[in-house]
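Undergrad: Assemble the complex: chain Y is given as a structure, and chain A must be docked to it using the hints.
Protein chains: 2
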Amino acid sequence: MGANAIVGQSGGPTAVINSSLAGVFSACRSCGAKTIYGMRYGVQGLLDEKIVDLTQTLSSTLAVELLQRTPATYLGSCRYKLPDFRVDAQPYEKLFKILKKYDIGYFFYIGGNDSMDTILKLSDYAMETNCDIRFIGVPKTIDNDLMITDHTPGYGSAAKYIGITVKELVRDSTIYDMKSVTIVEIMGRNAGWLTAAAALAEDADCEGAKMICLPETIFDPERFIEQVAALQKESPSLVIAVSEGIRCADGRYVCELGNSDLNIDPFGHKYLTGTASYLSRLVAHKLRTKTRAVELSTLQRCAAHTASRTDVMEAYQSGGAAAFAAFAGKTGMMVALKRLSDDPYQCITELHDIHDVANYEKTVPLHWIDTKNARMNKEFLTYARPLILSEVNPLYVGGLPQHIRL
Amino acid sequence: MGANAIVGQSGGPTAVINSSLAGVFSACRSCGAKTIYGMRYGVQGLLDEKIVDLTQTLSSTLAVELLQRTPATYLGSCRYKLPDFRVDAQPYEKLFKILKKYDIGYFFYIGGNDSMDTILKLSDYAMETNCDIRFIGVPKTIDNDLMITDHTPGYGSAAKYIGITVKELVRDSTIYDMKSVTIVEIMGRNAGWLTAAAALAEDADCEGAKMICLPETIFDPERFIEQVAALQKESPSLVIAVSEGIRCADGRYVCELGNSDLNIDPFGHKYLTGTASYLSRLVAHKLRTKTRAVELSTLQRCAAHTASRTDVMEAYQSGGAAAFAAFAGKTGMMVALKRLSDDPYQCITELHDIHDVANYEKTVPLHWIDTKNARMNKEFLTYARPLILSEVNPLYVGGLPQHIRL
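Residue numbers (this note's numbering), protein chains in the order written: chain Y, -15 to 390; chain A, -15 to 390.
Calculated directly from the structure, the hints in this document are not laboratory data.
Any given hint could be a false lead.
[Stated by the list, open to error] Residues from chain A that face chain Y, not an exhaustive set, calculated with beta carbons under 8 Å:
| hint | residue |
| --- | --- |
| 1 | G147 |
| 2 | L153 |
| 3 | V278 |
| 4 | I372 |
Remember, predicted model here, so these are calculated numbers, not experimental data.
Ideal Cβ placement from N, Cα and C applies to all residues, glycine included.
Bound-form chain Y, shown alone (with noise of 0.2 Å):
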């Protein structure tokens, strides 16, 4: 049995997967591993042997607390997908060989479902090779499509960016005497709970968003022109939010009615981007209202200095969990989270196997969309509010939150 640890990042970043790394460390420390090595760029950083020792690097407690505010990936990341060992088992042969050159003998991966897919397929191989070493997957995404976890760490983060934005932007959007549309872009290709938090905006004292458009219902850009009209006779300033991924009934992004040339990078990959600033001609040339498009773009996915502490908390307690499972002896299991009562919230972490979790992706309910008046119902929202309660306080020095980095 190796005495040491090993923990990646992998796939996009969020503003809390660091604590989530930091929660890993720190169990693991107090589990006694010997060294806590870090992969540099996941996976496919660790077959070229990019390895740093975190017992060095995150040595004082100031450093991991830094690390718990600092956004994105601070091991960096990669898109990496192990083939099937059954098919092609070299690079499994490399990366176990390298495992055990460090005397690793638990190995956490800190993602979404890509990411489960590697612990899958790394505990299915060590199983099928009678390696030792112990696998066990932390959850992490903005997305929120991961299956059987309540909902994931990055979610809540991501989802109280969106509604302070969307409340500012509401409060910049009234402050003429005229009719205006300002359409929000917000991530999501398949499964729409980012777009949907932008319903936790809507309160006394802020109007939100009057349409919330996510890829799960079908969108018909002329029955959307129509709603916005019907709205406009009672709020002349409206914003509306919605989803980089929704799609006309062909199965078009809506993305692509606009210039779709624009849209495809060097390497013939299709953006999905430019649907709110489609929509928002649209509208203008339709309705002959001024128009706004804001895209959120990255800033969703890496706003730490707005990170809802709840789920930072609950990043720190699943990497934690991660770490106290690993040394209990479970292999090719997930962190889940239970939500065990939602107000007060409480919440707390399980396990499940893998094979349960990895490539399937939860989109939102249809049962919680309104999806005549483009609208969150209201169990959306007694899912959502927990996750965004609570602040974090920035290091500030100089003005601007203090981050770490290797």
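TA: Okay, now just chain A, sitting in the frame of chain Y:
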């Protein structure tokens, strides 16, 4: 002499224009104003007698606290330019009749260049017609382009938002072990003050923005590509800040080099948007690098949750100084900020004749710009750093900042 005061807000919003309103309101009350009115939607609303009694709506100290934490304009705003009264006195006659009806002795207008023009014209007209109403301007603009004042309330908070955001984007941009260029588009048509604020992000814990392109200097797309290519040899992941107003040697805006037909609104006005998206496509094609365009859009002017405490305080002080000046018999003046020292920072309010201020635009001094390397010199940092210092705690309710609205 009228017993009452009236205050209006005009032009684009900022994170702290409501703090100036709070300053005018509180100081008018302590100076003995009977009733303090607010004009809805600036002078344009006043012409329609759209008036609100602030002594009613801001009767609690909590309301005034919330006002200082609420972005955009509590009273609403307008973009209305008074005609020359020698050519067309009609709106003046109407306005002064309304002011008389409400027994106004003190008139305050919080805004930028156009708003100071309003104060100039109204005070000149009052002088001409022997009217004893006193007119004082309170500076406000995220653009920082007003003459005489060291800086404008609103700039510090926008600069702080830009600094925070660029720091977070830099962390986000470095996560993959590959080349990438993130281009951040920042407001500023002719003055680069906001874009320059991206320079604040660079510190021991942050690589910062590697290039900063301001409208004060000519933009050469070919040289830009060469510089990006050279910088990528040292740091594979680059964040670059560009002003929406950057122009080529022939005077064309960079955003016009792309699909210029997309940038015309239904009323025929050119939008200055798409600079980052044009440049990111250019870099992607020329250098075959992953690129990303981020537009900070209206977020940079309404992000009250990251307001600079220095800015909020100075906005409040400026509003207060305007009230004190009016009650001391002054008219036709603007409050300005005068810096006494950089570090420790000290700054006081003073008064200037409105004729010296209105209708001039202040740009970034050329010797503060390292044109060759597209970076800011030390002089700019010395100037800007104190303006983003310290934080305001939003009043969070249910995880979101609480605002106040009419």
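Undergrad: Next, verify each hint and record whether it holds.
TA: Comparing the hints with the structure gives:
1. Contact between A/G147 and chain Y, as hinted, is supported at the beta carbon level, the nearest pair being about 5 Å apart and thus within 8 Å.
2. Given hint, A/L153 at the interface with chain Y, holds; its Cβ is 6 Å from that chain's nearest Cβ, closer than 8 Å.
3. Below 8 Å, beta-carbon pairs count as interface contacts, and A/V278 has one with chain Y at about 5 Å; its hint therefore holds.
4. Among the interface hints, the one on A/I372 holds; its C-beta lies about 4 Å from the nearest C-beta in chain Y, closer than the 8 Å criterion.
When each numbered hint is compared with the structure, no violation occurs for any of them.
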